[in-house]
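Since the structure of chain A is provided, determine the placement of chains B and C on it from the hints.
Residue numbers (the numbering used here), protein chains in the order written: chain A, 1 to 183; chain B, 1 to 100; chain C, 1 to 348.
Simulated from the structure, these hints should not be mistaken for laboratory data.
Honestly, I wouldn't trust all of these hints.
[Said to hold, decoys possible] Label-pair restraints from in silico Cβ distances:
id: 1; chain 1: A; residue 1: M156; chain 2: C; residue 2: L280; range: 50 to 58 Å
id: 2; chain 1: C; residue 1: V10; chain 2: B; residue 2: N57; range: 35 to 43 Å
id: 3; chain 1: C; residue 1: L305; chain 2: A; residue 2: I153; range: 35 to 43 Å
Don't be surprised by glycine CBs; every beta carbon is placed ideally from N, CA and C.
One letter stands for each residue in the lines below.
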Amino acid sequence: MFQLVLFFVFGTIAVAAAVNLLAQRHPINSALSLIVVMACLATLFLLIGAEFLAAIQVIVYAGAIMVLFVFVIMLLNAGEEERTPGSRVARLLGFPAVVLLAGLVAWTLLARNPHPVPVELTGRFVGSPSAIAQLLFRDFLLPFEVTSVLILIAIMGAVVLASPAGTATGPGSPAEPPAKREV
Amino acid sequence: MVPISYYLVLSAILFALGVVGFLIKRNLITLFMSIELMLNAVNLAFVAFAWQWKSLNGQVFVFFVMVVAAAEAAVGLAIIIAVFRTRETLNVDRVNLLKL
Amino acid sequence: MLTITTFIVVSVIKIVIALVVLLTAVAYSTWLERKVVGHIQNRWGPKRVGPFGLLQPLADGAKFIFKEDLTPPYVYKPLYLAAPILSLVLALTSISLVPIGNWVTVDGVRTPLEITDVNIGLLIMLGITSLSVYGVALAGWSSNSKYSLLGSLRASAQMVSYEIALGLSLVGVLIMSGSLNLREIVDMQSGHVWAWIPRWNIFRWPTQIVAFFVYLAAAFAETNRVPFDLPEAETELVAGYHTEYSSMKFAMFFMAEYANMITVASIATLLFLGGWHGPLFGPWWLQDLLPVFWFALKVFGFIFLYIWIRGTLPRFRYDQLMAFGWKVLFPIAVANVLVTSLIVALQK
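One chain only, chain A, in its complex shape:
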């Protein structure tokens, strides 16, 4: 009973924040709404018994990836979104599209799931760090090592792309834009 209340509270906050992400015009407000969604999802993970994942969601997603987003929004300082004619059409079609798509995905997930198991917290199934570590470092060792190479590639790519001198501008490009207020 108590878990049902908690699920509805955090689920409603998550959906409201996701709708707010779409409704806001300034990207910084959308970023903060996304952080709220991630925090609500972290508590929902706790309700399903994935405690390690809840902590990792807060540390990695809300505490590192979204910081990256907030940094870029702060640095570029592009301001609010304009209303071009394309965006007006897009918003009119947006709301029925959400309902349609959500219904389709939900029906697909539920129809193939004939014996759903209710979530109760009296079981012993808890995603504790030691249990996940057993899987991660034994059965999934190769993907683990591959992801470390992937992160290395991402770091190198990000450094090359974001460095100011000699990015993909060729000899026929227009004049460089005036110096930005880089820090």
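Just chains B and C now, kept in the frame of chain A:
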């Protein structure tokens, strides 16, 4: 107790909001954030199914999804910075020509 | 076992006590800082308001309340108002995971001396530390001023970089303790080796003393204290990310900084210095209070170390700071993890 289908419906709603956000928003960074919202919705579905089948493989897969999302966010934001440097705008409707 | 109402009542009492104690500790660590830095610089520090200047924090609090709360017209109001609240709330939340003593029995109710006992307590502390970057980043950006933006970008980049060294330096202790639960980590440090050296994690093997110093340096950088306080240095950036803040909102940042110091000192005490273990003697009520006293003494030692270093060292330049975090602390922390896991694996 909460039936597992409630979590799946919530995941579907968040995923649909992410897809529609990707299609209707015009700011590059907000587009990218809608992609992150989709990934989060998928994470929730994974964890729900991990509970249902009592297998921790679902949770390990969420771990990998998060790592890939981190790598993708880093590279994607670097691309957005590079685009902003040349086009001086983050509006998707205005970056629709290959040559300025 | 506790019934649900007893549990709620006991938790509320613990929360109130913890908040009151923490806020008083924050206020008096400002007094301690001014006194100690004053004496290091061969002057007295506050000595007029009350004996030894002990009522100075009260005077400061009254000043903050009566000061004009100016909101400049060019700021981005929602985030400008939310940022100090976020900083303070996150700084005060992390105290709920810190255990300060053994289980006590009051009126027949047996309860541990912490607000919550979470199995992944240390991870949640690290998560709260990661989230406190937002208070700094949003404060600087919403102030719409160049000093604030520069200060906040530097502060956020510094905090994010040193979080890695902070987390990795704790992994050595975690490998040896085998648990993320703060109470279990402390319980493994009870007892003595060779009858008088306490079995604290800092004395264990060659690696943990290195991890302790890496943690100390990373903690200084996380809380934006000297020698890593360039983002809020008065002589360089006016006041960094809290330039445009006045009165109560500035006081919130101030309190958040000292509360973060106390949190970081508590984690260091719990993981490296054996938490609340110390000589126990006397009647039963003394035996319940003494662990709390030892814990408070160790945390006080840390805060004193923080203030001592503040009075002694000059500050790093920003590029030196970032180079130190990435090129020195991070490899040392990774090497510490490798050596510790080798030692533990060979012992099994």
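>> Can you tell me whether the CB distance of V10(C) to N57(B) sits inside 35 to 43 Å?
In response: Hint holds: Cβ distance 39 Å, inside 35 to 43 Å.
> Has the hinted range 50 to 58 Å been met by the Cβ atoms of M156(A) and L280(C)?
Replying inline: Hint holds: Cβ distance 55 Å, inside 50 to 58 Å.
>> Against the range 35 to 43 Å, how does the distance between the Cβ atoms of L305(C) and I153(A) compare: consistent or not?
In response: holds, 41 Å
Every hint from the earlier list agrees with this structure, and none is contradicted.
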